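Novice: Okay, here's what each chain looks like letter by letter:
There are 2 protein chains.
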Amino acid sequence: MIEDKNPQRTSISQLGEFGLIEHLTKNFEIKHSSTIKGIGDDAAVIDFKDKKAIVTTDLLVENVHFDLSYMPLKHLGYKSVMVNLSDVYAMNAKATQITVSIAVSNRFPLEALEELYAGIKHACDLYEVDLIGGDTTSSNKGLLITVTALGEANQEDIVYRNTAKSNDLLVVSGDLGGAYLGLQILEREKEVFKVNPQNQPDLDMYSYIIERQLKPEARKDIPELLKKLEVKPTAMIDISDGLSSEIIHLCKQSKVGCNLYEDKIPLDPQVISTSEEFNLSSTTVALSGGEDYELLFTVAQEDFPKIKANPHLSIIGHMTQESEGMHLITRANTKIPLQARGWNSFEENEKE
Amino acid sequence: MIEDKNPQRTSISQLGEFGLIEHLTKNFEIKHSSTIKGIGDDAAVIDFKDKKAIVTTDLLVENVHFDLSYMPLKHLGYKSVMVNLSDVYAMNAKATQITVSIAVSNRFPLEALEELYAGIKHACDLYEVDLIGGDTTSSNKGLLITVTALGEANQEDIVYRNTAKSNDLLVVSGDLGGAYLGLQILEREKEVFKVNPQNQPDLDMYSYIIERQLKPEARKDIPELLKKLEVKPTAMIDISDGLSSEIIHLCKQSKVGCNLYEDKIPLDPQVISTSEEFNLSSTTVALSGGEDYELLFTVAQEDFPKIKANPHLSIIGHMTQESEGMHLITRANTKIPLQARGWNSFEENEKE
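Protein sequence lines correspond, in order, to chains A and S. Using full-length UniProt numbering, the first residue of the first sequence is number 1, and each one after it goes up by one. Using full-length UniProt numbering, the first residue of the second sequence is number 1, and each one after it goes up by one.
Take the hints with a grain of salt, since some may be wrong.
Chain copies aren't distinguished; within one or between two, either way the pair holds.
[As the list claims (entries may be wrong)] Straight-line distance between alpha carbons at most 25 Å, and here's what the computed DMTMM-like set of lysine to aspartate or glutamate pairs gives:
| # | residue 1 | residue 2 |
| --- | --- | --- |
| 1 | K215 | E114 |
| 2 | K74 | E224 |
| 3 | K255 | E29 |
| 4 | K141 | E187 |
| 5 | K252 | E22 |
| 6 | K51 | E156 |
| 7 | K255 | E22 |
| 8 | K194 | E17 |
| 9 | K252 | E17 |
| 10 | K51 | E114 |
| 11 | K165 | E114 |
| 12 | K74 | E291 |
| 13 | K190 | E262 |
| 14 | K49 | E128 |
| 15 | K255 | D50 |
| 16 | K165 | E302 |
| 17 | K49 | E191 |
| 18 | K252 | E187 |
| 19 | K141 | E17 |
Note that these hints are calculated values from the structure, not bench results. Just so you know, these numbers come straight off a predicted model, no measurement behind them.
Based on the provided sequences and hints, a complete structural model is requested.
Specialist: What follows is the structure, encoded as structure tokens:
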């Protein structure tokens, strides 16, 4: 599909590795004074001063993490930065730099990589991070992107996963389940397209959930908001794998239990209507969907007044003693054990 | 070939991503007090204190950068760390942490990844770096490794590529050309093996150059040695692509020229004898071979007495005015322009 979109194709082998990196990164600007040296030496140099450095890395593989038949390369570039920044924000830190490494087969023309880097640049501009390095190499098959994100935080502001306490409130930003359902819509349309390539689908009614899948936003605003509200979470994690598995991470690492309330899980109207269309429980979708890149955190009970009215935040439960286990309290007020890969196992529980 | 080596095979899908990372990294110890948080949260946390942070990343792809038919996985793990640490040392810095991300197809059993991580651990132990994070995911085909290395240095100690001066001496550590010839031997033996799998080759006479290819060592000792000698290089780069292309990088970025003396290029006896065997010029091999991971640097003339007798260092030339260009002075005292991808073009020049 890539090939068809570009009337003009330039082979990447024409440029060579150094020429390619130079070409793709020439429009990137350094925004942070902490970036002493960016691209162009054996390594980048950063001055974290009195802050602690935050480091995270994620690898995205074609046809495992993304499908280029419906994922525009510009969006892919953007998303590959977002999934990493999200991890930095989940430490209650500020993202400051990234490195981007790609392995790419010859079937990609230069114009395709320019699109990819346009998305990366858009993310860098909007989220104020500096591209400081990377590696570009050939692959035998497909496209693979590794991003390492760096950030900074004062030691006292950093929030880990393993420090939630019993009785803390469980809070989530934004709404859940959209990215997963967006993917279902895109997969369905891909099948329709295969049968009838002339079909022009009207996807307006799915615009929000498709955007959640194709162009997720990392919650840069949440650490900033929490600072303004003078709330330091007791523990925090980002939601890349679905609510239930992230709650289980928080609980296990913090050695606490949890009660999650089904009726408190924030859902967009499109998530509710599309779940119905696919004959899925929207709760199951939110619990197991993944890729929402919202932040899940715990706060002390006394912080309740500071966050209760905030439109960006939903209180969805509270932590308990470890011995009480991890449960979902359904709308019908029954208690169901939370399961990590909730999809199948949870479906079975619902039928009980 | 992987499959045949392991009588007992455990599928990696049995463990799941989190189980896999935990299993592979459970024996890694944190050595640096600067590593506040390693593996196990959304991101790692590092305290660089008053030092500057050094960041570099490299990506190795199966059948592009390595061939598992003769590269043992343990060596591959080791080498993937070395190529990154080399970039940190080339900044005259100390390597302190790494992240390792792998994309791997299901054809690799768990035991294969354990071998890979045994090599990574050996590198971490020997070079005193902490494994602080990474990502493990599936690939459609083959194995791919991305390592990001972090290091630290005092600002005044950091050495860039673009600060060489005219009249500086050009110095290289160790000897050159071995890794490339080691690869030629391994490729030749692979072809022999294809024809006659019963053949047991005697590779003793190539042991040094094969080790240079399969298990290169990054020059951790060189920044330490230079500190002891009280020499601060004026510019430095590591030799991953062959001497001539690295000299050209140094010259172009520093806006200087260079005279490189053919008779000063350090060569191991195995490099000389194997070059003869392959009917290659050992100078061409050293200039264009690559993967030696030695350090190339420039020092002020007044530092000559401090380095002249050192067995680890060879003075191979001197920098000139930019207008004088970049040249090799041959044993026959003729002046040949240095070329970046020297292999073919240089061969032509020699015939002139």
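Novice: Against this structure, judge whether each hint is valid.
Specialist: Structure-based check of all given hints:
no.	hint	verdict
1	K215 - E114	within (18 Å within a copy, 36 Å between copies)
2	K74 - E224	neither (27 Å within a copy, 44 Å between copies)
3	K255 - E29	between (44 Å within a copy, 23 Å between copies)
4	K141 - E187	both (22 Å within a copy, 23 Å between copies)
5	K252 - E22	between (45 Å within a copy, 14 Å between copies)
6	K51 - E156	both (10 Å within a copy, 20 Å between copies)
7	K255 - E22	between (48 Å within a copy, 18 Å between copies)
8	K194 - E17	neither (36 Å within a copy, 32 Å between copies)
9	K252 - E17	between (45 Å within a copy, 17 Å between copies)
10	K51 - E114	neither (34 Å within a copy, 35 Å between copies)
11	K165 - E114	neither (47 Å within a copy, 36 Å between copies)
12	K74 - E291	within (18 Å within a copy, 34 Å between copies)
13	K190 - E262	neither (32 Å within a copy, 61 Å between copies)
14	K49 - E128	both (18 Å within a copy, 24 Å between copies)
15	K255 - D50	neither (32 Å within a copy, 35 Å between copies)
16	K165 - E302	within (13 Å within a copy, 63 Å between copies)
17	K49 - E191	neither (53 Å within a copy, 54 Å between copies)
18	K252 - E187	neither (34 Å within a copy, 50 Å between copies)
19	K141 - E17	both (18 Å within a copy, 23 Å between copies)
In this structure, the earlier hints numbered 2, 8, 10, 11, 13, 15, 17, 18 are contradicted, and the remaining ones agree with it.
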